[in-house]
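The whole structure should be built from the sequences, with the hints applied where relevant.
2 protein chains.
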Amino acid sequence: MSTKEAIAPAEVRGIIRQNQWLKPTSGLAHGYIQANLAVLPKDLAFEFLLFCQRNPKPCPIIDVTMPGSPVPALAAPSADLRTDIPKYRVYRNGIFTEELTDVTELWDDSMVGFLIGCSFTFEEALLKNDIPIRHIEEGCNVPMYKTTIPTVKAGRFEGPTVVSMRPMTEKDAIRAVQVTSRFPSVHGAPVHIGNPEAIGIPDLNNPDFGDKVTIREGEVPVFWACGVTPQAVAMHVKPDIMITHAPGHMFITDLKNEQFSIL
Amino acid sequence: MSTKEAIAPAEVRGIIRQNQWLKPTSGLAHGYIQANLAVLPKDLAFEFLLFCQRNPKPCPIIDVTMPGSPVPALAAPSADLRTDIPKYRVYRNGIFTEELTDVTELWDDSMVGFLIGCSFTFEEALLKNDIPIRHIEEGCNVPMYKTTIPTVKAGRFEGPTVVSMRPMTEKDAIRAVQVTSRFPSVHGAPVHIGNPEAIGIPDLNNPDFGDKVTIREGEVPVFWACGVTPQAVAMHVKPDIMITHAPGHMFITDLKNEQFSIL
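Chains A and B, in that order, give the protein sequences. Just so you know, we're using our numbering here: the first sequence kicks off at 1 and counts up by one. Just so you know, we're using our numbering here: the second sequence kicks off at 1 and counts up by one.
Check the hints yourself; a few may be wrong.
Each pair may be met inside one copy or between any two copies, as identical chains are not told apart.
Claimed, not checked - Lysine-lysine pairs mimicking BS3-like chemistry, simulated, CA-CA at most 30 angstroms apart:
id	residue 1	residue 2
1	238	256
2	256	57
3	128	57
4	171	87
5	57	42
6	23	171
7	42	238
8	57	153
9	171	42
10	23	87
11	128	42
12	128	153
13	153	42
14	128	23
15	212	57
16	23	153
Rather than coming from a laboratory, the hints here were simulated on the basis of the structure. These numbers come from a predicted model, not from an experiment.
This is the structure:
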């Protein structure tokens with residue numbers, strides 16, 4: 001590992017910490033794991049961790065902070081979760097109240113930060129295998145849908161799985177299963193291929209989150225469990241306060257994508 | 001799935017519940033996941049769950065009960081963790097105090113039961129691949145050793161990894177890596193092959209737990225992370241009370257081994 005590669009994530013986080021990068025993080029610190037953030041009070045931490053453990057496809061845990069600490073000791077020991085994400089969203093009693101670039105003033109001794117794997121890692125693996133990704137080609141967000149696939153309940157946390165969709169040829173879909181199966185810590189294999197109605201999606205052209213993409217003749221929709229799921233489920237519990245990243249504005253870890261492949 | 005296969009684990013648990021089977025569970029309910037048990041008070045549950053999440057090789061979580069509930073809702077919804085294990089061990093402030101066949105009277109509203117994967121599952125996979133297992137051939141317990149391989153700390157929980165050892169030919173060792181990599185939820189791939197001193201084991205003939213086995217000419221020792229690790233680590237924290245299974249006397253789930261293979 002060259003010095004440049006080793007310091008890249010910390011350098012990027014330094015720029016973000018000084019509020020000099022307020023845009024989405026896609027493409028930054030190439031080759032390193034980026035993560036979704038969910039911050040919850042510690043009285044919900046055991047149940048939420050158990051929810052994630054029971055639902056590893058939508059909620060792959062990358063790191064969890066100890067109550068009160070803003071430091072993800074395993075994923076990025078020099079980082080501070082209160083400042084190192086370009087934009088945060090704050091929800092009070094399940095309602096979105098504000099967008100901030102720093103949440104230091106909101107972080108108290110009860111806060112537990114959960115870093116959850118995101119699709120950037122497996123998308124990099126798909127691209128390396130020459131599988132084109134439509135929403136990247138079209139310069140928009142990935143389309144996401146609520147489904148009828150239930151998550152496994154844990155205490156107060158329950159709700160439907162949210163999926164992201166990437167259209168591709170049937171040949172590429174088989175290769176995509178192989179490629180993404182290597183990365184169970186960042187959503188892993190698809191949860192569904194083909195008929196969207198079978199998982200409760202009435203219209204692919206009307207995603208619940210993100211943007212619509214073109215599906216070409218001869219292509220099949222491939223669905224992966226999505227990191228929006230745990231946020232949606234947690235919001236439903238209406239915690240006093242919950243902090244997340246703003247969509248696309250992820251936390252950049254010191255961990256390399258390849259460290260998370262299983263074979 | 002035939003009816004006989006479907007009811008086998010529940011039938012076996014029924015016999016155990018009536019104290020009509022007080023022996024080790026190896027070989028019972030063939031093809032079903034058996035699990036280690038660790039029961040801890042709920043004030044330690046978040047940290048212990050996080051410890052397991054950070055150390056999936058020694059501590060692969062199969063199921064966790066909600067505080068106070070003795071029912072492992074995912075692993076065996078008709079079971080009762082207070083009665084369905086042949087023999088329990090009780091530790092108070094980290095010291096072994098009693099062996100019981102039923103822990104109903106000790107189970108209060110604060111208890112959280114953790115079911116952790118055990119090596120029976122991957123041993124079955126090794127045998128299916130014609131890889132002989134010495135301690136089964138010799139009719140004794142698998143040899144286990146404390147190592148210098150650290151676990152990843154989570155709050156109060158920290159300590160060395162305990163490993164189990166199976167000697168085999170070098171050819172079989174390669175196949176064993178492939179076979180057990182398919183089962184990350186039950187310890188997964190070996191943590192070490194070869195020189196025991198490299199992981200802090202001075203003498204293979206003096207295991208810290210279990211029994212010594214014969215190592216033949218041309219064989220290499222293969223080490224797997226062991227489910228004794230989380231118990232040893234938890235005992236070090238000296239909880240007011242901790243309940244475990246007695247060695248070899250496991251909890252039999254309704255989950256099939258093959259459900260836990262990743263590829």
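Results of checking the hints against the structure:
1. 238 - 256: Classified as neither: same-chain Cα gap 34 angstroms, cross-chain 36 angstroms, threshold 30 angstroms.
2. 256 - 57: Both, since 19 angstroms and 20 angstroms are each at most 30 angstroms.
3. 128 - 57: Both ways: residue 128 and residue 57 sit 22 angstroms apart in one copy and 29 angstroms across, limit 30 angstroms.
4. 171 - 87: neither (38 angstroms within a copy, 53 angstroms between copies)
5. 57 - 42: For residue 57 and residue 42, the Cα distance is within 30 angstroms both inside one copy (23 angstroms) and across copies (26 angstroms).
6. 23 - 171: Neither, since 35 angstroms and 52 angstroms both go past 30 angstroms.
7. 42 - 238: For residue 42 and residue 238, both the intra-copy (14 angstroms) and inter-copy (23 angstroms) Cα distances are at most 30 angstroms.
8. 57 - 153: both (14 angstroms within a copy, 25 angstroms between copies)
9. 171 - 42: neither (46 angstroms within a copy, 49 angstroms between copies)
10. 23 - 87: Within one copy only: 8 angstroms inside, 58 angstroms across.
11. 128 - 42: neither (40 angstroms within a copy, 45 angstroms between copies)
12. 128 - 153: neither (36 angstroms within a copy, 35 angstroms between copies)
13. 153 - 42: both (19 angstroms within a copy, 18 angstroms between copies)
14. 128 - 23: Within one copy only: 25 angstroms inside, 53 angstroms across.
15. 212 - 57: Cα proximity of residue 212 and residue 57: one copy only (23 angstroms, versus 40 angstroms across).
16. 23 - 153: neither (34 angstroms within a copy, 34 angstroms between copies)
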